[in-house]
Amino acid sequence: MSDYLETKFNDILFKNPVIPASGTFGFGREYEAFYDLAKLGGLCSKGLTLEPKSGNTGMRLWETPAGLMNSIGLENPGIDAFIEKEWPHLKNIDTVTIVNVGGKDEESYLTAIEKLNTIDAQLIELNISCPNVKAGGMAYGIKATTAGDITKKVVDISRHPIMVKLSPNGEAVADIARACEAAGAQGISLINTLQGMAIDYRKKAVVFDNLYAGLSGPAVKPVALRMTHQVCQAVKIPVMAMGGISDWKDALEFIMAGATCIQIGTINFNNPMAPIEIIEGLKAYCIKEGLANIGEVRGIV
Amino acid sequence: MALVQSNTCVSPGIYKMTVDFTGAVKPGQFFMLRAWDKDPLLSRPISVHNYEPGKLTFLYQVVGKGTEILSQLQSNDDVTIQGPYGNGFPEITGDLCVVGGGIGTAPLYYLVRHYQKQNPAGKCRVYLGFRDIAYGADAFAALADEVVLDVGGIITHKLTVLPGETVVTCGPEIMMAAVASAVPAEHAVYVSLEAHMACGIGACLGCTCETRSGNKKVCKDGPVFGREEVFNV
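Chains as they are written, first to last, in the numbering used here: chain A, 0 to 300; chain B, 2 to 234.
Just so you know, these hints were derived from the structure itself, not from any lab.
C-beta atoms are modelled at their ideal positions from N, C-alpha and C, and glycine is treated no differently.
The reader is advised that the hints may include incorrect statements.
Claimed, not checked - Below are the EDC-like pairs computed for lysine to aspartate or glutamate, each with C-alpha atoms no more than 16 Å apart in a straight line:
{"#": "1", "chain 1": "A", "residue 1": "Lys52", "chain 2": "B", "residue 2": "Glu211"}
{"#": "2", "chain 1": "B", "residue 1": "Lys27", "chain 2": "B", "residue 2": "Glu53"}
{"#": "3", "chain 1": "A", "residue 1": "Lys38", "chain 2": "A", "residue 2": "Glu62"}
{"#": "4", "chain 1": "B", "residue 1": "Lys17", "chain 2": "B", "residue 2": "Asp96"}
{"#": "5", "chain 1": "B", "residue 1": "Lys66", "chain 2": "A", "residue 2": "Glu62"}
{"#": "6", "chain 1": "B", "residue 1": "Lys39", "chain 2": "A", "residue 2": "Asp246"}
{"#": "7", "chain 1": "B", "residue 1": "Lys124", "chain 2": "B", "residue 2": "Glu147"}
{"#": "8", "chain 1": "A", "residue 1": "Lys133", "chain 2": "A", "residue 2": "Glu50"}
{"#": "9", "chain 1": "B", "residue 1": "Lys124", "chain 2": "B", "residue 2": "Asp78"}
{"#": "10", "chain 1": "B", "residue 1": "Lys27", "chain 2": "B", "residue 2": "Asp222"}
{"#": "11", "chain 1": "A", "residue 1": "Lys90", "chain 2": "A", "residue 2": "Asp35"}
{"#": "12", "chain 1": "B", "residue 1": "Lys124", "chain 2": "B", "residue 2": "Glu92"}
{"#": "13", "chain 1": "A", "residue 1": "Lys152", "chain 2": "A", "residue 2": "Asp93"}
{"#": "14", "chain 1": "B", "residue 1": "Lys217", "chain 2": "A", "residue 2": "Glu29"}
{"#": "15", "chain 1": "B", "residue 1": "Lys221", "chain 2": "A", "residue 2": "Asp35"}
{"#": "16", "chain 1": "A", "residue 1": "Lys151", "chain 2": "A", "residue 2": "Glu105"}
{"#": "17", "chain 1": "A", "residue 1": "Lys152", "chain 2": "A", "residue 2": "Glu180"}
{"#": "18", "chain 1": "B", "residue 1": "Lys221", "chain 2": "A", "residue 2": "Asp104"}
{"#": "19", "chain 1": "A", "residue 1": "Lys133", "chain 2": "A", "residue 2": "Asp104"}
{"#": "20", "chain 1": "A", "residue 1": "Lys90", "chain 2": "A", "residue 2": "Glu50"}
{"#": "21", "chain 1": "B", "residue 1": "Lys39", "chain 2": "A", "residue 2": "Glu62"}
As the list claims (entries may be wrong) - Some chain A residues judged to face chain B by a derived CB distance under 10 Å, without partners named:
{"#": "22", "residue": "Gly22"}
{"#": "23", "residue": "Ala32"}
{"#": "24", "residue": "Arg59"}
{"#": "25", "residue": "Leu67"}
{"#": "26", "residue": "Pro87"}
{"#": "27", "residue": "His88"}
{"#": "28", "residue": "Asn91"}
{"#": "29", "residue": "Thr94"}
{"#": "30", "residue": "Thr96"}
{"#": "31", "residue": "Thr144"}
{"#": "32", "residue": "Gly216"}
{"#": "33", "residue": "Phe268"}
{"#": "34", "residue": "Asn269"}
{"#": "35", "residue": "Asn270"}
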């Protein structure tokens, strides 16, 4: 490969391994004011569901030391509106496009996947790990048997490759990853947010209407790195890793743990230029270390 | 990154900071501020208190770790500012009546200044309510045709809207709701909402509010809304 950062995720060629994470980047439009989205390795849509969702009521954000809890609850316009209004814009951006799909039950997952068969996305990120919705969401992703089962059904009807996004909140994550691989998944992404809780002692009440919420940001990085390492050791399919990555050094650590690509999440909120700075930092690292490609350090630990 | 010109305490827990900035800034817009690394994680959305080329001023209340750090900045320190964000107040013609409560008075000062520049013949009246200590009232008095000040009471009890006035309010939600229901229907009423935000640009969906026309983002679709959009009036 001629370029320092070109990365193959199966047969999908990414110009670099850096992709903003679902739920932190909308459908990309908000960040176009900051940089050309074609500089990114890929784009990943906000988590979509078959029907539009208005999300959770009450407080949706709560900070923790170096972390952020969220209870957005998959607010999204639904698959049809996405295909009609957002896809025509996304598909014209010269980068890999990934569509993130969640569901409340098997039927809603499968119907959503069928609808997505009509567009030319390069990869589907199957969200079986959202901790913030009452039905579906994380329920499929916390056990290897259910994760494998829904993955198989989705793989069978999708014309797109399926990358399953795993939860850190369930059974041993390597077991779940193996079950997804056996069911035909062509990639794994992890981690979704860690389930947490916040109490406002002054109000003597829980902070979130949905009781528990998802923790992300630099605070979760060591956990995400460990799980990435475990999954990369357990499966042969490529892994797209995330969890608290805030600069190129963090990104490099996940690649050294075995990740093929990395996703940039919460840090987008306090530094909209973070993905671009990470791409530039990884490239500078390759030059400094005399690497022909970043892949030379992949999985070295 | 912007350079702090000055940062002074104007009342207990209330600070006024002016930074170097030149750009198009509308009254009612806000910036995301930070002067720390990763703890707290997020930047702080702070409304524009005043602007002229080269001088951007914020009036803010210390409520937590982020604003505490901001309050300790000195002249010539760096502060990261992103913005301006948000829709801002609409251009107002006719007369203006503003109703501010507490730190919600902050964005109204720049609004009044801008309004008077655009409407030299327009009348502007100001209602200011504070829980215990008033601040900034003199600055409004130097601009407005009339200032009604209330400390410790309920400002909306004193509110009388005159024919032809557009009403703009910013302050505690309960105060804005009272203004929204007290002002007769023939007047336009605009409210500026506050919300926890992560990104400030419409990506995180953390500041979503329910409106008559569905979910809206306080940061991007707002923070200024017509009263009928967000309150049951």
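Taking the hints in turn, this is what the structure says about them:
1. A:Lys52 - B:Glu211: Holds - the C-alpha atoms of Glu211 of chain B and Lys52 of chain A are around 13 Å apart, at most 16 Å.
2. B:Lys27 - B:Glu53: Distance of about 11 Å is within 16 Å: holds.
3. A:Lys38 - A:Glu62: 30 Å, violated
4. B:Lys17 - B:Asp96: Judged against 16 Å, a Cα distance of about 28 Å means the pair is violated.
5. B:Lys66 - A:Glu62: 11 Å, holds
6. B:Lys39 - A:Asp246: 12 Å, holds
7. B:Lys124 - B:Glu147: Cα-Cα ~9 Å, so holds.
8. A:Lys133 - A:Glu50: Given pair Lys133 of chain A, Glu50 of chain A holds - Cα atoms ~15 Å apart, limit 16 Å.
9. B:Lys124 - B:Asp78: Roughly 40 Å between the alpha carbons, so the hint for Lys124 of chain B and Asp78 of chain B is violated.
10. B:Lys27 - B:Asp222: 14 Å, holds
11. A:Lys90 - A:Asp35: Distance ~14 Å between Lys90 of chain A and Asp35 of chain A Cα, so the pair holds.
12. B:Lys124 - B:Glu92: 15 Å, holds
13. A:Lys152 - A:Asp93: This hinted pair is violated, its Cα atoms lying about 31 Å apart.
14. B:Lys217 - A:Glu29: 15 Å, holds
15. B:Lys221 - A:Asp35: The hint is violated at about 20 Å.
16. A:Lys151 - A:Glu105: The given pair, whose Cα atoms are some 11 Å apart, holds under the 16 Å limit.
17. A:Lys152 - A:Glu180: 13 Å, holds
18. B:Lys221 - A:Asp104: It is violated: about 33 Å lies between the C-alpha atoms, which goes past 16 Å.
19. A:Lys133 - A:Asp104: 11 Å, holds
20. A:Lys90 - A:Glu50: Roughly 22 Å between the alpha carbons, so the hint for Lys90 of chain A and Glu50 of chain A is violated.
21. B:Lys39 - A:Glu62: 11 Å, holds
22. Gly22: Status holds, d = 8 Å.
23. Ala32: With Cβ-Cβ at 8 Å, under 10 Å, it holds.
24. Arg59: With a closest approach of 5 Å, the Arg59 of chain A hint holds.
25. Leu67: 5 Å, holds
26. Pro87: Violated. Min distance 19 Å.
27. His88: 15 Å, violated
28. Asn91: 20 Å, violated
29. Thr94: 17 Å, violated
30. Thr96: 17 Å, violated
31. Thr144: With a minimum Cβ separation of about 32 Å from chain B (threshold 10 Å), the hint on Thr144 of chain A is violated.
32. Gly216: 5 Å, holds
33. Phe268: 4 Å, holds
34. Asn269: Asn269 of chain A check passes; min Cβ-Cβ to chain B is 5 Å, inside 10 Å.
35. Asn270: At 9 Å from the nearest chain B Cβ, Asn270 of chain A passes the 10 Å test, so the hint holds.
The structure is inconsistent with the numbered hints 3, 4, 9, 13, 15, 18, 20, 26, 27, 28, 29, 30, 31, although it conforms to all the rest.
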